[in-house]
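Participant: For reference, the chains in residue letters:
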Amino acid sequence: MSEKPIQKPEYVKQPLTRRQFAGRVAAVAGLGGAAAYLGLAPEGWPGSLRDTTGLLSKPVDKPLRINDFRVDKPALAADVGIGRGATPADRLRKALDAIGGLQHYIKPGDIVVVKPNVAFDRAPNLGATTNPETLETLIRMILVDCRAQEVRVTDNPIESPPDCFAKSGLNAATGKAGGRVYLPDSNAFRVLNTPGAELIENWAFLHRPFTNADKVIGVAPVKDHNLCSASMGIKNWYGLLGGRRNQFHQDIHSIVSDLSIMMRPTLTILDGSNILMKNGPTGGDPSDVKPGNCLMAAVDPVAQDAWAYEHLLERGRNYPRYLFKAEEKGSGRVDWQGRIKEIA
Amino acid sequence: MLRTDRVFNRQPRKVLRRKIGLAETVFGACFVLVLALSTYWVLAQKDNFDPADRDISYETLEKDSTGEVLYETPLKLWVEPGQAGTAAAALPGTGIFPAAIVGEGWSLKGRVQVFDVSNVYEKINGAAEQYIAFGFKALHWADLTDGTRSIAIELYDQGSFPNVLGIFAAQGGNKRDVQTRGDLFWYRTSVGMIGGYGPWYFKIAGDEATESVVSAADRILAAMDDLPSSREAAAPLAYAVLTRGLGLGFGDLAYERENVFQYDFLSDFWFGKVPGDADARYFLNEQADAAKTSEIYERFRQEQARDCTVLDEGEDRVVMQHKFLKTIFALQREGGMLIGVDGAATPAAAAGSLERLREAVRRERKTDPEA
Amino acid sequence: MSDVQLLNIEPAGSRNPGRLPPPPKAKKLLRITNARILSQIFFFAMFVLAIWATWTTRLGGYPVSRILEMDPLVSVATALATGHVYRFLGWGILVLGLTLLFGRVFCNWICPYGTLHQFVGWLFNTRSTSERWKSNAYRPIYTLKYLILAVLLIMASLGALQIGLLDPICLMYRTFSTAFAPAADMVTVALEDRLAAAGADGVLLDAVKFAPGVNPRVFVGSFWIGAFLTTLVGMNLIIPRFFCRVLCPLGAMLGAIARFSVFRIDRDVHKCTDCNLCLTRCEGAADPQGKVRLSECFSCMNCIDDCPEDALRFAAVGLDTRQVVPGMSVGRRRAVFTAMAGLLAYPFIKNHGVNTDENYSPALIRPPGSVEESDFLAKCIKCDQCIKVCPTNVLQPATFEEGGFESLWTPVMNFNIGHCQLKCTLCSEVCPTGAIRRITVEEKLGKGDYAAAGPIVLGTAFFDLGRCLPHSMEIPCVVCEEVCPVSPKAIQTKDEEVRNVFGEIVLLNKPFMVPDLCIGCGICQVECPVTDSPAVYVTSVGESRSLDRRLLLAPRQKRAEAPSELMQIRPLNRT
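Line by line, the protein sequences are chains A, B and C. If you read the first sequence in the numbering used here, its first letter stands for residue 1, the second for the next number, and so on. If you read the second sequence in the numbering used here, its first letter stands for residue 1, the second for the next number, and so on. If you read the third sequence in the numbering used here, its first letter stands for residue 1, the second for the next number, and so on.
No lab work stands behind these hints: they were computed from the structure. Keep in mind that the hints are not guaranteed to be accurate.
[To be verified] Pairs of lysine to aspartate or glutamate residues, derived as DMTMM-like cross-links and limited to a Cα-Cα distance of at most 25 Å, are as follows: (1) C/494 / B/72; (2) A/278 / C/497; (3) A/329 / B/122; (4) B/109 / C/504; (5) B/292 / B/307; (6) A/176 / C/206; (7) A/290 / B/59.
Next up, chain A with everything else stripped away, as it sits in the complex:
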């Protein structure tokens, strides 16, 4: 055995110290242990990333609940008030007085959400959207007479939101009266949970305007509708939903009755100043519209819709099925006899 000569004898090695070696082993152990923990530790343990079923990475949206915005009416007031007059302001005042006056319902400092029907970009007097004069008067009454803190106007239209708000005159009306328009941005929706609803127990809902809201008022026109016979106060809440609303038509009466429990507003106002008698709900032709002088305000939206169906749309007493389903769900009573007060 001949010894091999030492190569580069002038070179001095620098061996790994014991501390360095221990450090490396510790690092390997540490990182390895951490990785093993993250990946293999049982699901419930803190910091564990394990997911045995594959369901943990599914995004979970904690469902929202909204309040019941109803206010008890004064003892001697009617459930449904009807105001007849020449101007929207006149009719609105009379209708509200018949159910106890707006100041009974809206208290100073309230944040009020007003939900008009802005579904299409039709001109105001084509009856497809809420009358801007009515909305303006209502918002002024809320802000000035009742000294509310803020009025928020919102809707999720079927057609393009900026166009609908602009061309229906409701954007300008809200601005003039001192309210604020909340457009349906993509991130303004969250899933709403409505206990007891048949079909829309969890559905995307335009929740942003309702943060910290105290009172809710719906303002709807009276419209013919091929599928569910009429689109009036209760169906107005359809405009707060997002997602694939076009599935609703497979059982529209159940949906509308679900809407009546999803949203329990403080008041519902039906504006009969331009009644869309046919070609609803989109309208578009002046010959479809019948002008009127009636405005209804109600705490019982079921009775209100029934009376409007009979007297404003003049369809007689064969009420749409959703009214009876709504009554079954406890949203009101169809029989309006003895519960209305008309002030002309």
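Go by the hints and put chains B and C onto chain A.
Facilitator: Same frame as chain A, but now just chains B and C:
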């Protein structure tokens, strides 16, 4: 090529020139000014958004409105297989309604809907309770249309005529201007009429108060006479006596089912206001046989004698005066009927009224031998 | 060219006692290069403002298309293709005038794309001084842009307008509208969510969004559009101002006339020490150190700042005519080959056969107010402003499927994403070249003066009955009829009761089309619940802008109104 270790340009800007002419400086100053003014001008344009700029005027829409109404194919109803081709399938039947309700341009829309006690809530919901309290048995609902207008007919089978009168009164009917024709009675509303016939309580309501609707409603009313009406459920003799025999108006009638005169053994009494006397009223009660009538007569007489002094008494009749109220009470037995007058002012008036009543009963019995 | 690596900028001659002191701060501040930087910032900001203001609620007084209308390539090419100058395109004269006066100032003082290139190139430029000289030297490849221009102009003069693919302003508008604006909105929305979660008002940032108040916008093919621009900008790291020097057809056109400019860079040979420092930041690779190439010079004035001897000036009088290369140095061979390419390109494109009246895609549905297709292709510069302003996001850049290469990135409607809003005519307002003719709402709806012509029809809706719920599945639905915006509705129903498989009697409203009334707005397709392949869908046949692509002979009401004698059938004489 580029340095691969640096990301950003770190070379400072070094201006090497020495001479900057006046023209250049003046130009620089003016240019900055022009840019500033342009910025201000552009921002001042604002969005000036006016939705009316890009819109169509209502007047134009109105002018060009055709008001066109397209033809709508009528609703095709479900026909149970096996019935296709039969007469029943050809025309949707009018159910219990007389065939005369359709015609003259009016036809049935959809089919006649029938509801019984278990499902009447589906149609009329909260109001159902009232009908059930008055002996409700079934609701037949028909919708008629002539293409533009529509009429809804609600027909309630209340089981018996008194029940019909009861619900009629409970819904405020007897305060209205009630007209009668035979056994049919009704009052008009702006879009139709509400009334009764035999065990049937009906409401005819159009959707608009136009002539076509009103005349159609009249025709339907005339057809109501043909509704099936059993003997038992028909207007009882007492009713005929009071209306036909004595000529009393509808508003003068009343019917009490139970606890009449606050006696639990008295039930099914008919009352009619005596004309000319504010407080006096006729009363009649019909029983199945004379024995029953006698029994009730005896008991009634005994009970009344507690508060009244007997003025005159016979085999079949008795006249009393109330001890405190001083009003005259007269009671008579007429075969299967108990008749009488209550609250008369004087015995003579009571006797006269009673006599009239007896006459009316006899007359009606003659015309209606089965009573 | 010296190879000495200069590590500090101060040249050796600075110790010359005859050298002047540095100029005062104020004069330095107002020097011409600073003016240029301000100008670049101003025009870039105006450009971003124009993109921001191209929105339904902001399009009021702002002249959002002005930069496009000032683009002389757009004016000249569309004038060649159509024989006319549309609406505001005459503004292109302004830039042409500027170029004739001052040379290619547009490229470095106004053009937002040039600003973007220069900024990115400057920011990431880590070259040394001599590397910079090499990168700014003139290369023969820079003649490519003239060849591209020639091909495009020859095609345009024959009627095929494809300048939009490479025109810098069109490129910028298109990429910002479809790629950058949605990206910015994504960031804004995320920020808004964080603020809302922290309790702040959720609508705070609406003014910053490019498309507020609506669902997040999507644009088909925006990946490629964004990648295209980003790649070109990224090329600045290899060759500075790559696009501007090598590809830009607008720069080429301005360069072609810059040779006649009144003002230009002039080098005083007697002062010049041949140090090459003027090349350090020359944007146009215009050889300021030698014979200045007029058609390449961007008038950026950087060379004037860099010359320590003040040998360079930007002037109009006393110019040394020997120190100029006026022409484009293209060469005869290249010119001939280019002309041939341009001439061949036209029939190749036009006979491609995917967008003729016999063979056209059902998905090629153009915006309302569009002119007839061959005219459209001679006018559309693919600026995609219409796509930006469209409030419902229905307008999308076309892919190769809808109309082949010729229609790439032109606007088409995609009714799975949105519908054409009934009373909206915004696309026609912003179109700078008239591919979408300016229309009023009256014309679109066919009312008033346009009642005889009828409404503008984009296409016709058809039913796929096998997928329609009431027709084939006994399930009630009828959303299409409900949302149809015309009165009377173009979708009517036949109502029928059936006993379904579960034993219930259901009322089915079975929809059917009335094509005489349909305007092709597409809201039925958008709202149909069978979202993957809708049971009612709109195709382009029946559009009113084209006689050859019509469906119906005449709307049936018109025929019913005026029966002619010919239509009466005389009864046979039966005796």
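Participant: What hints, given by number in increasing order, does this structure fail?
Facilitator: none
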